[in-house]
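S.K.: Each chain, letter by letter, is given below.
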Amino acid sequence: MMKRILVIVVLLSSAAVHAQVSYDRLLRSGAEPHNWLTYSGTYSGHRYSTLTQITPQNVRDLELKWVFQARSLEKFEATPLVIDGVMYTVQPPNDIVAIDAATGRIFWVYSHQPSQLARLCCGRVNRGLAILDNTLFMGTIDGHLVAVDAKSGRLIWDVALARPEAGYSLTLAPLVVKDKVIVGPAGGEYGIRGFLAAFDARTGKQVWRFNTVAGPGERGGETWGGDSWKTGGGSIWVTGSYDPDLNLTYWGIGNAGPDRNGDSRPGDNLYTASVVALDADTGQLKWHYQFSPHDEFDQDATQIAVLADLPWQGKPRKLMLWANRNGFFYVLDRGTGQFLSAKPFVRVTWADGFDEHGRPQRVPGQEPTPKGTIVYPGNQGATNWYNPSYSPRTGLLYVPAWVNYASLFIKRPQTYVEGQYFGGGEGRATDAQGLRTATNNLRTEDEGYGAILALDPLTGEKRWEYKMTDFTDAGILTTASDLLFSGGREGDFYALDARTGALLWKFAAGGQVQSGPMTYAIGGRQYVTVNAGNALYAFGLRQ
Amino acid sequence: MSELEQALVDPAPEVRPQNRTARVVTRDGATITGRLLNHDTFTLLLLDSQEQLRAFDKSDVREMTIIKSNPKTSYRGRLTAPELADLVGYLVTLKGTRSIRP
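Quick note, the sequences are listed as chains A and B, same order.
Our numbering applies: residue 1 is where the first sequence begins, and numbers increase by one.
Our numbering applies: residue 544 is where the second sequence begins, and numbers increase by one.
For the record, the hints were derived by calculation from the structure and aren't laboratory data.
It cannot be assumed that every hint is accurate.
Keeping only pairs whose Cα atoms sit at most 25 Å apart, straight-line, the calculated DMTMM-like set for lysine to aspartate or glutamate is [to be verified]: (1) 601/B <-> 243/A; (2) 615/B <-> 497/A; (3) 151/A <-> 24/A; (4) 205/A <-> 243/A; (5) 611/B <-> 355/A; (6) 371/A <-> 557/B; (7) 178/A <-> 243/A; (8) 601/B <-> 497/A; (9) 611/B <-> 447/A; (10) 601/B <-> 24/A; (11) 467/A <-> 583/B; (12) 506/A <-> 553/B; (13) 638/B <-> 553/B.
The task is simple: from the sequences and hints, build the whole structure.
M.R.: This is the structure in structure tokens:
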């Protein structure tokens, strides 16, 4: 079987050189595993590859093939695309780089010089690109969407979506569906009014727009008091998923603003901390589910929606799997948005159950106060933007998690001033080392730790846990040979047995892994890549 | 109350993270204690009691403990107020050298 897949890969690799990436190819991206055509690999958000050359038996023979050193000291969070031997990634903040995926040599660089007016909570980051035909699409930290020719690196069009001085930035990899490019802005800590918008891939003209903070007259507008919707947040950080059968695209929406003081925004504050299902052609809302109504814990639902068709209570069902920043693992019906189940995957103290509609039951006293309230999970969440992975072979959902830590949630008065932080307080670490990255790790397990959790999606039960001593900002890749690749703040890139969690291989990359790994193949040779520190590493088997 | 005086009469139950101690027992039974400098899933680094920088592979050690508790005992009731003031005054004169920053 493995040989057969490799032969197919070789044939496809040679036959498809420089072919355009049609929408049809994007739809069937799983059928060409030698390429990586979208942020998550496929529309379903699995970050799973059917390549099987690297196995649990030979993974110890992985060796470094090449390194791309970014000319940047910013966090390197992009997942590359690979199309027929050419890798495209984003050197932060906003340089598109075309690289020979076999050698790491650079074909060309397109540099977007972002405005100095950009206001960013968490670094000048970018998480990647999208492609359609011969055009690459990149969001920029100063609120632009640009289209660039994939052969030459020449700018095709450049559209300004929003005002960077007001805190709007684009950090996500866009999503292409049919002839449209879909993006939305980050900026939930600056009082933006978030949105999702689709643009004509050829012209850059806006086709539709959906406000992630519902205003007066819009469905959900009644969930905001007064004028609070104007600064309600609802940011977009990561790429949505797409179900072509339903023609629905699914997006996780960020926190309400101000983050930790909801006094000025009475109500549930739709559609913050929610998932929305939109018609991909029109942007019309089909359904929504709000994970954290009236969020005051910065519980952005900025995770990848994982789409899986599984038997639910004995019947086949189109499901959505979602391990949320708020500490609960959810299963929803992705056709209707029906809440099916939720179960904590880490210690959770802010809610202790759900009603029949899936509304969380809040625990009295668990809310930010001027003196501070200790709440689990802590301010960075139980997980965050870094991607999970779902393996159809093992049937498990793999989640990068921050386990057993809390924050002191402090509420402060907040006045909106354009371009200034709009947090309404802070989520202060409860241990002395804190939540931010440190050069040296002195943390003990009782102060919290990072982990890969393998969850049974049908029960929410934890099958295994791989512990790290420090927290993790790394995504996860799984493959059809039952390998799992990930990393963490410790600077190791490693492979686990996806069925057991056993460590099989590791590489000391010398810098934090703050991206999701991906895999591709050229000439019958499988590669695995990851960003660590300010470099992109490509590994393959020793010949 | 000054920080030094507080540390003498009412020491914190735990030391700051940068002052944590690690105790390692190797497979051959040797026990090494020192200031924890760094650790990850696989390794532990410390400055041992002989002021040697040491690195350990966690898979090669039999036992490893990170000690957060403060070994200092309180001088409350053991020193008179003037003695305490003298001691604090003396300690303030100690400039020391700049510590390394783990």
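S.K.: Now tell me if each hint is right for this structure.
M.R.: To see whether the hints hold, each was checked on the structure:
1. Taking the CA atoms of residue 601/B and residue 243/A, the gap is about 46 Å. The hint is violated against a cut of 25 Å.
2. Between residue 615/B and residue 497/A, the direct Cα distance comes to roughly 46 Å. Violation of the 25 Å bound is thereby established for this hinted pair.
3. Restraint check for residue 151/A and residue 24/A: satisfied, since their Cα atoms lie roughly 20 Å apart, inside the 25 Å limit.
4. At most 25 Å may separate the alpha-carbon atoms for a hinted pair to count; residue 205/A and residue 243/A meet this at roughly 24 Å.
5. At most 25 Å may separate the alpha-carbon atoms for a hinted pair to count; residue 611/B and residue 355/A exceed this at roughly 42 Å.
6. Taking the CA atoms of residue 371/A and residue 557/B, the gap is about 23 Å. The hint holds against a cut of 25 Å.
7. Taking the CA atoms of residue 178/A and residue 243/A, the gap is near 12 Å; set against the 25 Å cutoff, the hint holds.
8. The hinted pair formed by residue 601/B and residue 497/A meets the criterion: a straight-line CA distance of about 20 Å does not exceed 25 Å.
9. In summary, the hint linking residue 611/B to residue 447/A is supported, as the alpha carbons are separated by about 11 Å, within the 25 Å threshold.
10. The straight-line distance between the Cα atoms of residue 601/B and residue 24/A is roughly 50 Å, outside the 25 Å bound, and the hint therefore fails.
11. The hinted pair formed by residue 467/A and residue 583/B meets the criterion: a straight-line CA distance of about 10 Å does not exceed 25 Å.
12. Restraint check: the Cα-Cα separation between residue 506/A and residue 553/B comes to about 45 Å, which exceeds 25 Å; the hinted pair is violated.
13. For the hint linking residue 638/B to residue 553/B, the alpha-carbon distance of about 23 Å falls within 25 Å, and the restraint holds.
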